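Sequences are here, hints too, so could you generate the full structure?
Residue numbers (numbering that gives the first Met the number 0), protein chains in the order written: chain B, 0 to 257; chain E, 0 to 370.
Read the hints as simulated data drawn from the structure, not as lab findings. If you're wondering where the values come from, they're calculated on a predicted model, not measured in any experiment. Heads up, some of the hints might be wrong.
Claimed, not checked - With a Cα cut of at most 25 Å, we get these calculated SDA-like pairs of lysine to any residue: (1) 146(E) / 261(E); (2) 98(B) / 359(E); (3) 65(B) / 209(E); (4) 115(B) / 66(B); (5) 65(B) / 5(E); (6) 65(B) / 363(E); (7) 65(B) / 125(E); (8) 115(B) / 91(B); (9) 3(B) / 327(E); (10) 65(B) / 223(B); (11) 189(B) / 169(B); (12) 91(B) / 122(E); (13) 25(B) / 120(B); (14) 1(E) / 246(E); (15) 121(E) / 256(B); (16) 121(E) / 73(B); (17) 65(B) / 352(E); (18) 25(B) / 71(B); (19) 159(E) / 256(B).
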Amino acid sequence: MNWKRWGIVVVLLNLIWLWQQWPDGKLRVIFCDVGQGDASLVVLGSFQALIDTGPSERKLFACLGKEIPFWDRQIDLVFISHPQVDHDGALKGLLTRYKIGKVIEKAGNNDRYRYKDLYFDILLGGQTSNDEEKVSGSDENEDSMVVSLRYFGFSALFTADIGEKTELALLDTGVLKKTTVLKVPHHGSKFSSSISFLERLSPKLAVISVGAGNSYGHPNGDTLMRLDQVKTKVLRTDLQGNVGVIYDAGKIQVFTER
Amino acid sequence: MKGRLIFLFLILVFRFSLGFAESSKYQQNSRIKVTGNIDNVYQYNTECIIVVGRFWINYRNECSFSRQARVQIIGTIDSKVTDRFLGRLWLDRAELSVLPDKPKVVSSVSAFSTNIEAVREKIVNVYRRFLPEPESGLVAGIILGYKKDIGREMYELMVKSGTVHIAVASGYNIMLVGGTVLSVCFWLMKRKWASGVAIMAMLFYALEAGGEPPVIRAVIMAGAVFWAAVVGRKAVSWWILMVTGWLMVLVEPLLLVSVSFQLSMAASVGLMVLEPMISSKLGNSHEKLMEILGGSGFLASISTMITTAPIIWWHFGRMSWIGILSNILILPLVPILMITGAAMQVVPRVFSYPTYAIAHWMVGVIRFFGV
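Right, here's the structure in full:
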């Protein structure tokens with residue numbers, strides 16, 4: 000056996016493989032299929048941010064393993080919209096496996112986080128589980144953190160589990176603008192995604208992060224009808240698996256796992 | 000040989016006499032109360048077997064008890080005791096209640112096992128920290144037989160592709176650990192000491208790998224082979240295999256119905272008896288072919304498949320012939336992965352690259368053949 004020749008072949012194959020995994024500099028937003036919960040990954044070059052972790056460590060790590068180069072074990076920002084298992088259940092495991100730059104569990108309204116030309120605007124600051132101001136019996140879903148992502152002509156709105164009440168409050172403040180991609184609130188619950196909210200955003204794509212055969216009946220038929228009314232393309236993680244959007248020089252490309 | 004067999008038989012009789020004397024202390028059909036910590040709990044088909052000291056109960060309701068939980072069992076000594084000679088007493092119509100924990104008095108045995116578990120978790124954490132999923136779970140599975148991190152989806156793909164055995168710390172792993180340590184130690188010390196260190200390394204590995212039947216069998220066998228070399232005796236592999244199996248059944252007769260034990264013994268017969276037989280039959284006439292087949296691991300793979308196939312078919316009702324191909328593509332890389340995986344414990348940043356590359360290839364093969 001000619002070891003030298005085989006060595007060169009192996010090294011070349013490895014270099015091609017590395018080159019193929021190298022970050023391409025395009026913005027990627029991936030809605031991970033984590034079952035009944037939310038976890039959205041934002042990747043730009045070597046920068047990564049995660050909005051919620053979902054309930055399942057295994058599903059989250061499978062998604063991260065696919066979308067982040069294997070040598071990159073750092074996630075720069077982790078937003079936790081609100082302290083419920085379907086949104087922060089995998090946080091503990093995430094902290095043991097990845098080096099996390101910053102975990103943001105509560106922010107001020109109108110706070111902004113920035114990486115180069117990528118902006119994360121906090122429209123609603125959210126509430127942590129040990130928040131002193133938390134009123135007993137208050138609805139954690141309505142107190143979710145709402146994050147708006149902007150990158151040149153692309154935008155995405157991450158609405159966690161907010162309901163109609165918060166949607167209308169946001170409409171009143173005037174912070175909502177037309178958005179390219181909407182993470183549909185509360186897994187497609189009928190108490191969210193009001194028609195006025197959807198008309199204001201008029202998203203090109205709506206992603207419902209939802210578990211297959213969940214006991215809540217998400218997504219609700221009424222919500223799907225309202226999304227249809229505003230002529231939005233709908234993709235669901237229970238049907239399509241991981242849903243990804245790539246934005247590069249004004250062009251949007253959508254891909255799904257299934 | 001005849002003398003040896005008689006000797007083994009006498010030990011067997013002695014073992015059963017002790018068990019008989021022990022079980023005779025209790026009157027049949029008497030109702031007794033036992034309080035103690037659960038020593039073992041495992042699922043057997045749809046039933047849950049719980050062991051507290053020498054008392055065994057078949058608890059049909061649930062199996063969610065943890066080891067070391069303090070329980071009280073009230074049951075009747077079963078008149079149909081099937082293993083009276085082992086001193087094992089089955090309690091019939093048992094009622095079980097979990098008691099509050101006593102102030103903890105940590106025995107040296109449980110402290111030892113906690114330490115072993117802690118080291119194991121520490122080792123696995125390095126893979127979790129430096130490798131993505133599912134590769135990190137697969138690496139932990141191959142190196143330590145740690146299956147917790149292999150997801151159900153991946154496990155099913157491994158079963159379908161006939162590669163599930165790679166995630167079990169087996170005799171193969173033991174031989175790799177022992178062989179590598181022995182080779183290194185030969186340079187540094189005398190043969191006698193090198194064999195001792197290699198046996199200790201295998202023992203440590205066996206403990207870290209959870210002490211499953213294949214690992215224990217392999218440690219006894221490899222230990223016997225190494226020791227035979229030290230004392231200048233010729234090691235006859237099939238004899239060592241037979242005595243090892245006999246010893247293990249002597250200690251735990253239930254192993255005879257354990258699928259893991261049956262597969263482990265059958266695989267050893269394949270590797271130690273069938274493969275050399277095929278090699279010597281075909282070796283003279285097809286020397287070149289045998290060199291390729293042996294080097295690629297094909298012969299070892301086919302030999303173990305032939306000897307384990309009837310057991311797999313008996314228990315699971317299926318045989319994965321696709322496994323021959325997938326194993327050829329995976330098995331030759333297992334020793335390299337073991338080495339890079341071990342090196343990751345020392346220099347994780349450097350060795351995570353080759354480890355990931357190999358594991359990624361394996362995951363690709365498993366997915367391709369497991370669909």
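Structure-based check of all given hints:
Using a Cα cut-off of 25 Å, the hinted pair residue 146(E) and residue 261(E) holds, with the two alpha carbons roughly 20 Å apart. At roughly 22 Å between alpha-carbon atoms, residue 98(B) and residue 359(E) fall within 25 Å of each other, so this suggested pair holds. Distance restraint check for residue 65(B) and residue 209(E): the Cα-Cα separation of roughly 30 Å exceeds the 25 Å cut-off, and the hinted pair is therefore not satisfied. Our distance criterion of 25 Å between C-alpha atoms is met by residue 115(B) and residue 66(B), whose separation comes to about 20 Å.
Among the hinted pairs, residue 65(B) with residue 5(E) is inconsistent with the structure: their alpha-carbon atoms are about 61 Å apart, more than 25 Å. At roughly 13 Å between alpha-carbon atoms, residue 65(B) and residue 363(E) fall within 25 Å of each other, so this suggested pair holds. Using a Cα cut-off of 25 Å, the hinted pair residue 65(B) and residue 125(E) holds, with the two alpha carbons roughly 19 Å apart. For the suggested pair residue 115(B) and residue 91(B), the alpha carbons sit about 29 Å apart, so the restraint of at most 25 Å is broken.
For the proposed pair residue 3(B) and residue 327(E), the alpha carbon gap of about 23 Å is at most 25 Å, so the pair holds. Proximity of residue 65(B) to residue 223(B) is assessed by CA-CA distance (about 29 Å); at most 25 Å being required, the pair is judged violated. In summary, the hint linking residue 189(B) to residue 169(B) is supported, as the alpha carbons are separated by about 18 Å, within the 25 Å threshold. The straight-line distance between the Cα atoms of residue 91(B) and residue 122(E) is roughly 19 Å, inside the 25 Å bound, and the hint therefore holds.
Of the pairs offered as hints, the one joining residue 25(B) and residue 120(B) holds, with about 20 Å between alpha carbons and a cut-off of 25 Å not exceeded. With a C-alpha separation of about 18 Å, the suggested pair residue 1(E) and residue 246(E) falls inside the 25 Å cut-off, and the hint holds. For the hint pairing residue 121(E) with residue 256(B), the CA-to-CA distance comes to about 34 Å; that exceeds 25 Å, so the pair is violated. Among the hinted pairs, residue 121(E) with residue 73(B) is consistent with the structure: their alpha-carbon atoms are about 20 Å apart, no more than 25 Å.
Proposed proximity of residue 65(B) and residue 352(E) is supported: the alpha carbons are some 16 Å apart, at most 25 Å. For the proposed pair residue 25(B) and residue 71(B), the alpha carbon gap of about 17 Å is at most 25 Å, so the pair holds. Proximity of residue 159(E) to residue 256(B) is assessed by CA-CA distance (about 22 Å); at most 25 Å being required, the pair is judged to hold.
Consistency note: the structure conflicts with the earlier hints numbered 3, 5, 8, 10, 15.
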